[in-house]
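K.L.:
Residues per chain are reported as follows:
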Amino acid sequence: MRHFAGIAVIAAAAITLSACAASTPAASDVDATTATSADDFGGMDALIEAAKAEGQLNVIALPDNWANYGEIKALFEEKYGITVNSADPDISSAEEIAAADNLKGQDTAPDVFDLGTAVTLDSLNYFAPYQVANWDEIPAENKEETGLYVNDYTGSMSIGYDSNSVPKPTSLDDLLGSEYKGAVALNGDPTQAGAAFAAIGLVTVQQGGTLDDFTPGIEFFSELNKAGNFLPVNATGATIAAGETKVVFDWSYNNLSAAATVDGWEVTTLPGEVYTSFYNQAISKDAPHPAAARLWQEFIYSAEAQNLFIKGGAYPVTIQTLQDAGTVDTAALDTLGELKGDLVTPTPEQAEANAAILAEKWAAAIS
Amino acid sequence: MSVVPAPALISGDAEAGPRRHPLSEPVPRHPARRSLGTYLGLTPFALYVILFLVIPTVLAVTTGFFTEDGSVTLDNIAGIFAPNVLSTFGSSFLVSAVTAVIGAVIGALVCYALLGTGAEGTLRSTIDSISSVLAQFGGVMLAFAFIATIGTQGLVTRFLADAFGIDLFASGPWLYQVPGLVVVYVYFQVPLMIITFMPALEGLRTTWAEANATLGGTRVTYWTRIAIPVLAPSFIGSLLLLFANAFSSYATAAALVSQGSPIVPLQIRGALVSETVLGRENMAGALAFGMIAVMIIVMWGYSVLQLRTSRWQK
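Protein chains in written order, with my numbering: chain X, 80 to 446; chain Z, 117 to 430.
Just so you know, these hints were derived from the structure itself, not from any lab.
Just to be clear, a hint being listed does not mean it is correct.
Said to hold, decoys possible - Calculated from the model, a selection of chain Z residues having no Cβ within reach of chain X, i.e. all distances over 10 Å: (1) 204; (2) 218; (3) 269; (4) 373; (5) 388; (6) 394.
Claimed, not checked - List of simulated lysine to any residue pairs, SDA-like, C-alpha gap at most 20 Å: (7) X:440 with Z:284; (8) X:440 with Z:294; (9) X:260 with Z:284; (10) X:440 with Z:201; (11) X:260 with Z:290; (12) X:440 with Z:195.
For glycine and all other residues, C-beta sits at the position ideal for the given N, C-alpha and C.
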């Protein structure tokens, strides 16, 4: 049983390594692990100094081509001279939390998380509360009041397509046509990946359903599968470049990132409801580099990094302030286009109910 | 790509293979000392197995009997019998059984064909070496090898479509579903059969065929009364090894099949890593328990068969 062998190795490694764990002493006399704002360090400069003394930051599940994280990580390194160790870029939110568990007490444990909402709400005891300097610029509905977690960016669910081989889809019914045979793919299995889950949500509301019940979305993909148009391949930058996945439901920032590198890849959204879902930034309470983790949080909400999200095709949480203050990267925002229309996002209760529905019906719908 | 149950099975195979004449075994002069030495020699391996297989397996499986808060529950075990989970056990069993039978039959035929070549000949040793490599050629590499050749945009797929107008995927994207697993698994099952079954076939003595002929037997009686009864235990043993190999195979399927988690190892992954369906981590332990239960039943069937077939050899 190969799988058990894998678990065995991880478990054994965890047992061995946790025995020789050592705590990193804080650089200054401030206890960075309990600091809830830059003021606790004695101001931003002191925070920067403490973070520089740590010298390292462990991030996890941040692919370079996801919402422009490549540039964001690079700018952080350049600006503060802190090495960013990027572990496991392609794992899921749930695995980020699992990594925090398995690596607890080691200096390779993740310092900060970028998580989907369901996992965030399920993992509150992993986070350390922290409020960034521009806390007030973040709308109240986008943050936990003590700063345990804060929304960072959202995309809208979009359809990317290879304009060299398929026509532009203008409605969901188009996708059932023979010209899309074996072409339509999701970014993951909706019972496992947030992006695929969101795709089913978008199709549901586009089909006239509500976010209470994703069944209409599941039924559409079942029809798509019967028509021979659904391709059960995980869409990635590589499958798009290889021409394997010709039509992909994914977050706008992922599809736009593919459009930037793949000739003929175009991104469209259907008229009507726009499905959005914020990711959440949080600091690990067991962060081996607590000051660097807090500096990263400050950096993520700074205008510089928030504008880099826009450049990467995502809508950052402070976009209204950026626009009001005139600090927004207008060129990037013009390329992206404003997020407008009838925005829908499932509540945590709706997400949980639909997860159960998908667990029950998805496999049968596409087999 | 190591198969954990393999050591036990392979040693079972060796035992089940054609026996040497009892008199050719040296009689141990100091049975007690020899057995002590045997146990001492076994200690490192036993420790290794306990640390890296038994304890983790027990730990993993016991999680299936607890809730996240740590109270005892049978809900996870009951979850195995939910229709959508039960059907994945069906698919897993089917894929393993079908690929084991295909692999065993083709592999045995190849072994038989190789018997006609010289035992030390280049052809046999070459095929032996190639099989040893290919039997371990699984996982992500194998999945991508198939995607690159007969995937929807694969080299062979494009060639067939352009040159002959043949659409490999006319009936749907089968490569990325359960039928695809059958095709891909057979790729490592056949060589595995060759390396495990060849020694048994090589154990057939020409003298037995001669004795059969001397006693007036025909070719048919040689196979039905001598060769098949002698080979049956190792054939069935190899078949079981192939079954276990496919049943526990994870990485190949994970790289190839990305929707619906149709086999149990993929269900285990889903339970552990899903970011949408949460709180099923302990379900993974229950699923593992279910896999072990299936393997125990299959092993039990094997030992019953083994008893029956070894009767012929007495």
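K.L.:
Broken hints, numbered, in rising order?
P.N.:
1, 3, 4, 5, 6, 7
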